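Chemist: Protein sequences, first through last, are from chains A and B.
Note that the working numbering has the first sequence beginning at 1, numbered continuously upward.
Note that the working numbering has the second sequence beginning at 1, numbered continuously upward.
It is worth saying that the hints were derived from the structure and are not from the lab.
Keep in mind it's a predicted model, so treat the numbers as computed, not measured.
Here a beta-carbon is modelled for each residue, glycine too, at the ideal position from N, C-alpha and C.
Be careful, since some hints might not be right.
[Unchecked claim] Covered by chain B, according to a simulated footprint, are these stretches of chain A (three or more residues, beta-carbon under 8 Å):
no. : stretch
1   : 62 to 75
2   : 180 to 193
[Unchecked claim] Here are the simulated lysine to any residue pairs, SDA-like style, with alpha carbons at most 20 Å apart:
no. : chain 1 : residue 1 : chain 2 : residue 2
3   : A       : K180      : B       : K458
4   : A       : K155      : B       : G202
5   : A       : K274      : B       : S197
6   : A       : K155      : B       : E443
7   : A       : K55       : B       : K458
8   : B       : K554      : B       : L593
9   : B       : K458      : A       : R187
10  : A       : K180      : B       : P456
11  : B       : K458      : A       : W138
12  : A       : K155      : B       : K554
13  : B       : K482      : A       : S146
14  : A       : K29       : B       : G202
15  : A       : K236      : B       : R184
16  : A       : K180      : B       : G202
17  : A       : K274      : B       : K482
18  : A       : K29       : B       : T440
19  : A       : K274      : B       : G202
20  : B       : K458      : A       : G140
21  : B       : K458      : A       : K29
22  : A       : K236      : B       : T453
23  : A       : K180      : B       : A452
24  : A       : K72       : B       : T440
[Unchecked claim] To spell it out: a stretch of chain A is covered by chain B in this simulated footprint if at least three of its residues, at any positions, have a beta carbon under 8 Å from a beta carbon of chain B; those stretches are:
no. : stretch
25  : 81 to 91
26  : 232 to 243
27  : 263 to 275
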Amino acid sequence: MKTISLRFLLLFFLLSCGTSLCFGDSRDKLFYDAVRAEASGDLEQAVEIYLLILKDAHSANLHANLGNLYFKLEDYARSILHFRKAIWIDPENRDYLTNLSLALDMNGLKLHNLPSFDSSFSPQFQTSWLIGLSIFFWSGILCIASFFRLPLKGKRRWLIFSGWVVGTALLFMGLNQSQKEALTVNREVIVLNPSSPTSNETSGIPLRVFAGNGSSANTTVQTGTSLLLDLDKDGKPRVHRSQSGEKWYLVRSHSGSNKGWIQRSEFEPILDIKL
Amino acid sequence: MSRNLLTSFLITLLLLCSNSKSDGEITIESSFNPTTITSSRTSTYKVIVHGSQQGPVGSMPSVKGLRFSSPPHTLRSASFINGVPSVRFELSFTVTPEKQGTFVIPAWPIKVENNSYLVPESVLKVLPPNQQDRIREAEQRQQEQDLRQAAFLEFNTPRPYLFKGETVNAKISLYLWDRLPVTRIEQVPIKMGSGFSMTELGQPIEQRNVIKFNKTYSVYSWDFGLTGTIPGQHTISFDSTIRVRVRNNRNSPFSGPFFNDPFFGFGREDGLKISSDPINLEIRPLPTLNRPDNFQGAIGDLSITNIADSDRVSVGDPIRLICKISGSGNFGAMPAPNLSFGEQFKVGPPAFSFEGNENTKQQGTQSFEFIITPLQAGLIEIPPISFSYFNPEEEKYYSLVTNSHSLRVDPGEKWLAPDISASNMARQPVTKSTQDLLQTESEPGRWINVLATPTPHKSIIFWLCQLLPLGILIGLIIYRFKRRNPREEARRMREKQLESKAKDALRHKDISGLHQATRRRIRLRVGIACNRANTSALSSSEIISLLNRKGYSKEIVSEIIEILKTCDELEYAGEASRSSNIESTFQRSQAILKKLK
Numbered sequence: 001m002k003t004i005s006l007r008f009l010l011l012f013f014l015l016s017c018g019t020s021l022c023f024g025d026s027r028d029k030l031f032y033d034a035v036r037a038e039a040s041g042d043l044e045q046a047v048e049i050y051l052l053i054l055k056d057a058h059s060a061n062l063h064a065n066l067g068n069l070y071f072k073l074e075d076y077a078r079s080i081l082h083f084r085k086a087i088w089i090d091p092e093n094r095d096y097l098t099n100l101s102l103a104l105d106m107n108g109l110k111l112h113n114l115p116s117f118d119s120s121f122s123p124q125f126q127t128s129w130l131i132g133l134s135i136f137f138w139s140g141i142l143c144i145a146s147f148f149r150l151p152l153k154g155k156r157r158w159l160i161f162s163g164w165v166v167g168t169a170l171l172f173m174g175l176n177q178s179q180k181e182a183l184t185v186n187r188e189v190i191v192l193n194p195s196s197p198t199s200n201e202t203s204g205i206p207l208r209v210f211a212g213n214g215s216s217a218n219t220t221v222q223t224g225t226s227l228l229l230d231l232d233k234d235g236k237p238r239v240h241r242s243q244s245g246e247k248w249y250l251v252r253s254h255s256g257s258n259k260g261w262i263q264r265s266e267f268e269p270i271l272d273i274k275l
Numbered sequence: 001m002s003r004n005l006l007t008s009f010l011i012t013l014l015l016l017c018s019n020s021k022s023d024g025e026i027t028i029e030s031s032f033n034p035t036t037i038t039s040s041r042t043s044t045y046k047v048i049v050h051g052s053q054q055g056p057v058g059s060m061p062s063v064k065g066l067r068f069s070s071p072p073h074t075l076r077s078a079s080f081i082n083g084v085p086s087v088r089f090e091l092s093f094t095v096t097p098e099k100q101g102t103f104v105i106p107a108w109p110i111k112v113e114n115n116s117y118l119v120p121e122s123v124l125k126v127l128p129p130n131q132q133d134r135i136r137e138a139e140q141r142q143q144e145q146d147l148r149q150a151a152f153l154e155f156n157t158p159r160p161y162l163f164k165g166e167t168v169n170a171k172i173s174l175y176l177w178d179r180l181p182v183t184r185i186e187q188v189p190i191k192m193g194s195g196f197s198m199t200e201l202g203q204p205i206e207q208r209n210v211i212k213f214n215k216t217y218s219v220y221s222w223d224f225g226l227t228g229t230i231p232g233q234h235t236i237s238f239d240s241t242i243r244v245r246v247r248n249n250r251n252s253p254f255s256g257p258f259f260n261d262p263f264f265g266f267g268r269e270d271g272l273k274i275s276s277d278p279i280n281l282e283i284r285p286l287p288t289l290n291r292p293d294n295f296q297g298a299i300g301d302l303s304i305t306n307i308a309d310s311d312r313v314s315v316g317d318p319i320r321l322i323c324k325i326s327g328s329g330n331f332g333a334m335p336a337p338n339l340s341f342g343e344q345f346k347v348g349p350p351a352f353s354f355e356g357n358e359n360t361k362q363q364g365t366q367s368f369e370f371i372i373t374p375l376q377a378g379l380i381e382i383p384p385i386s387f388s389y390f391n392p393e394e395e396k397y398y399s400l401v402t403n404s405h406s407l408r409v410d411p412g413e414k415w416l417a418p419d420i421s422a423s424n425m426a427r428q429p430v431t432k433s434t435q436d437l438l439q440t441e442s443e444p445g446r447w448i449n450v451l452a453t454p455t456p457h458k459s460i461i462f463w464l465c466q467l468l469p470l471g472i473l474i475g476l477i478i479y480r481f482k483r484r485n486p487r488e489e490a491r492r493m494r495e496k497q498l499e500s501k502a503k504d505a506l507r508h509k510d511i512s513g514l515h516q517a518t519r520r521r522i523r524l525r526v527g528i529a530c531n532r533a534n535t536s537a538l539s540s541s542e543i544i545s546l547l548n549r550k551g552y553s554k555e556i557v558s559e560i561i562e563i564l565k566t567c568d569e570l571e572y573a574g575e576a577s578r579s580s581n582i583e584s585t586f587q588r589s590q591a592i593l594k595k596l597k
């Protein structure tokens, strides 16, 4: 019985290692193929390979290369989208920010509303804030519970207690701020031209009053613009499914002044969210 | 069952008899025990009302030279003497003599059961202290001195007087005897007394193995600046608190002497307040005679210099003028010197910085950095700075003047307004190309499976980790709750006190003290055993009744009756010849108390 279990475990381990190695290898292989295709001048082929890899994995360099390819293909909106994704994965890479700035400039947009991913309140630091808060909070509680018989005089006792309260409040505020930033990034989408990635005929996407093609537009936003998905009371994106089966989402600008319905094919979220 | 009934019947009969007796003859007795004492001892003045258990009403006459404890200790008792039931009420006063001589308490009236009686006269003879008393007093004085010398504060100032606003270097030293089990200094010395201000006490300087009073000390010293604020005669002293480890009051699970020894880290911590001897310090007002007009309150022995960081500038260019005052003085309260540079310079507010002993701020260099801006071109002079101070040692005012600095101020270049038309130029179209893009990466880098914000609060591991401190907290609360029983602790403490009293009495052959302590201990233990809160007012019969009700064996009850009876007899008998029984009474009481659980 023991031998069978050991054999089974060994087999499972070998299979899982093999699978991960195979998948890892295939991704890398495809990536090198895409780089070769780009070097040989076949930009469309390179984009296709990169998109194939993106079905099951991401990397900062992959998104940056894809951003460069779209830039070269003059699809600046998609270029912006992929640079944003690259910056999300590697916020400290200044090259991605330079390229994003260039893409935005080429598209006639300005670099604003970009969440500061390297700041202390960036969504990536949520875990650090939460662990810090948890450690500080419990340390204080346990210290109070352990040493409450300690004969600390009034002023010192209040000073320590106030320090703990203020520290906990500050850490909580930090966590809250970080969560807010995370919520914003989760809602953020980039407006794209659905008709053809390489055609630049349509310079603007209308934000409709109602969820339908026939509806008039509140305003028109340029492709590559960053918008926020409007959330319902359950915290899920407001969605409407038309009779033809198309999904429409309510979006608004960062300032909140412009809003309207947009088709699913007209935007792409920066992060992998369920839509 | 039948035994309980019989006991109840006997007690009822005794009470009935005592009541019937109370209807009869009431007699009053009074006496001192002992009747002759030395001036350092105490005696007990006892008033006994036979035939009643009701508290008497009356006021005792005061006797000059004797001090009576108040309120008196009372005792009600009922017993059979030679088969005859007897009840009585006792009042006991502890009497402390204030002088030698023979003192007579005259007969005084008392009311018992609405009838007036006379308490008979009693005489107490107070003799001069004997050799034993003198030895004990000397020991006590030595103990007090030892305690004072175990931890003390020493405060030093350079002079017995200060001038108002003057800062002097002062020092406070905390001496801790090496044999004193000090755990920490809870409160650094704090100043007591008004009329002074002082700088904050920083980290102390620690010295080991300092010999004083033939003892070895660890000394913690703080230097600080002391400034006189209100003129007049003032008293200053310092208080500090240290934590020392002392013996446990309650029984520890390890009852051996080693586990109760504070030197081995056992026992409990207690605070010990230490005060320095008060010192009289005079704060004198500053003399008004020959006081310079520009005197701003600087006191000490000081010198002044000034430095300009440039000697050639253009009009409007700032120059740093640093004025340095060095020496010893009240740097903490010293204002910046007044610069009156006229219209040639614009003077900004000074920046202060101090280099020297930050604890006392009494010795060092105070720098005032002024930013001055010349407003006129040409060869101009930075005027000298005048500064006055008062020297407290010589009790004189001094005025100092710094050097002047020559400064060449150029007119500077004319500022040209920027060409506004250039900034209004139309925005050029973007001409950037793909060559501006940073190069394509040839390596894939680190792969990740999903692009998403981290959600640690949704992780089960995070919440499982929270269970650990929560569990510790609950455990701590339960542990604290279980340990805390203030009533039980108070009882234990009381028992311990009584035991030590009884041991002391045994050591000093104090018959009365031993029997008092023994009776109280029995009462307290009976109260604990029978779950009674107030045990001090229990009479012997009540104690017996309680024990019977609780179901203690006949032997234990009879032994307790016997001990109580012995205590009653010996406490008031006053016969020194029976002192040989003390040891046996103590041993018996110890044994019986062990049985009373």
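Chemist: Next step is simple, just say for each hint if it's right about the structure.
Modeler: Each hint tested on the structure:
Here's how the stretch 62 to 75 of chain A fares: 6 of its residues keep a CB closer than 8 Å to some CB of chain B, so the rule of at least three is met and the hint holds. By the rule of at least three residues with a Cβ nearer than 8 Å to a Cβ of chain B, the coverage given for the stretch 180 to 193 of chain A holds, with 3 such residues. For the hint linking K180 of chain A to K458 of chain B, the alpha-carbon distance of about 16 Å falls within 20 Å, and the restraint holds. Restraint check for K155 of chain A and G202 of chain B: the C-alpha separation of about 18 Å stays at or below 20 Å, so the hint holds.
For a cut-off of 20 Å, the pair hint linking K274 of chain A to S197 of chain B is broken: about 69 Å separates their Cα positions. Taking the CA atoms of K155 of chain A and E443 of chain B, the gap is about 60 Å. The hint is violated against a cut of 20 Å. The hinted pair formed by K55 of chain A and K458 of chain B fails the criterion: a straight-line CA distance of about 25 Å is larger than 20 Å. Distance check on the hinted pair: K554 of chain B and L593 of chain B sit about 15 Å apart at the alpha-carbon level, within 20 Å; holds.
Note on K458 of chain B and R187 of chain A: the hinted pairing holds, with a Cα-Cα distance of about 19 Å set against a maximum of 20 Å. Distance restraint check for K180 of chain A and P456 of chain B: the Cα-Cα separation of roughly 14 Å lies within the 20 Å cut-off, and the hinted pair is therefore satisfied. With a CA separation close to 19 Å, the supplied pair K458 of chain B and W138 of chain A stays within the 20 Å bound. For the proposed pair K155 of chain A and K554 of chain B, the alpha carbon gap of about 59 Å is over 20 Å, so the pair is violated.
For a cut-off of 20 Å, the pair hint linking K482 of chain B to S146 of chain A stands: about 14 Å separates their Cα positions. This hinted pair does not check out: K29 of chain A and G202 of chain B have alpha carbons roughly 67 Å apart, beyond 20 Å. Annotation: proposed proximity of K236 of chain A to R184 of chain B is violated, straight-line Cα distance about 59 Å (limit 20 Å). Between K180 of chain A and G202 of chain B the CA atoms are separated by roughly 44 Å; this puts the pair beyond 20 Å, and the hint is violated.
Using a Cα cut-off of 20 Å, the hinted pair K274 of chain A and K482 of chain B is violated, with the two alpha carbons roughly 53 Å apart. Pair hint K29 of chain A plus T440 of chain B holds up; C-alpha atoms about 16 Å apart against a cutoff of 20 Å. Proximity of K274 of chain A to G202 of chain B is assessed by CA-CA distance (about 61 Å); at most 20 Å being required, the pair is judged violated. For the hint pairing K458 of chain B with G140 of chain A, the CA-to-CA distance comes to about 24 Å; that exceeds 20 Å, so the pair is violated.
Under the criterion of a C-alpha separation no larger than 20 Å, the hint pairing K458 of chain B with K29 of chain A is inconsistent with the structure, at around 35 Å. Our distance criterion of 20 Å between C-alpha atoms is met by K236 of chain A and T453 of chain B, whose separation comes to about 16 Å. Using a Cα cut-off of 20 Å, the hinted pair K180 of chain A and A452 of chain B holds, with the two alpha carbons roughly 14 Å apart. At roughly 12 Å between alpha-carbon atoms, K72 of chain A and T440 of chain B fall within 20 Å of each other, so this suggested pair holds.
Counting residues of the stretch 81 to 91 of chain A whose CB falls under 8 Å from any CB of chain B gives 4; the rule of at least 3 is met. With a cut-off of 8 Å between beta carbons, the stretch 232 to 243 of chain A has 0 residues touching chain B; three or more are needed, and the interface restraint is violated. Under the rule that three or more residues need a Cβ within less than 8 Å of chain B, the assignment of the stretch 263 to 275 of chain A holds, with 4 such residues.
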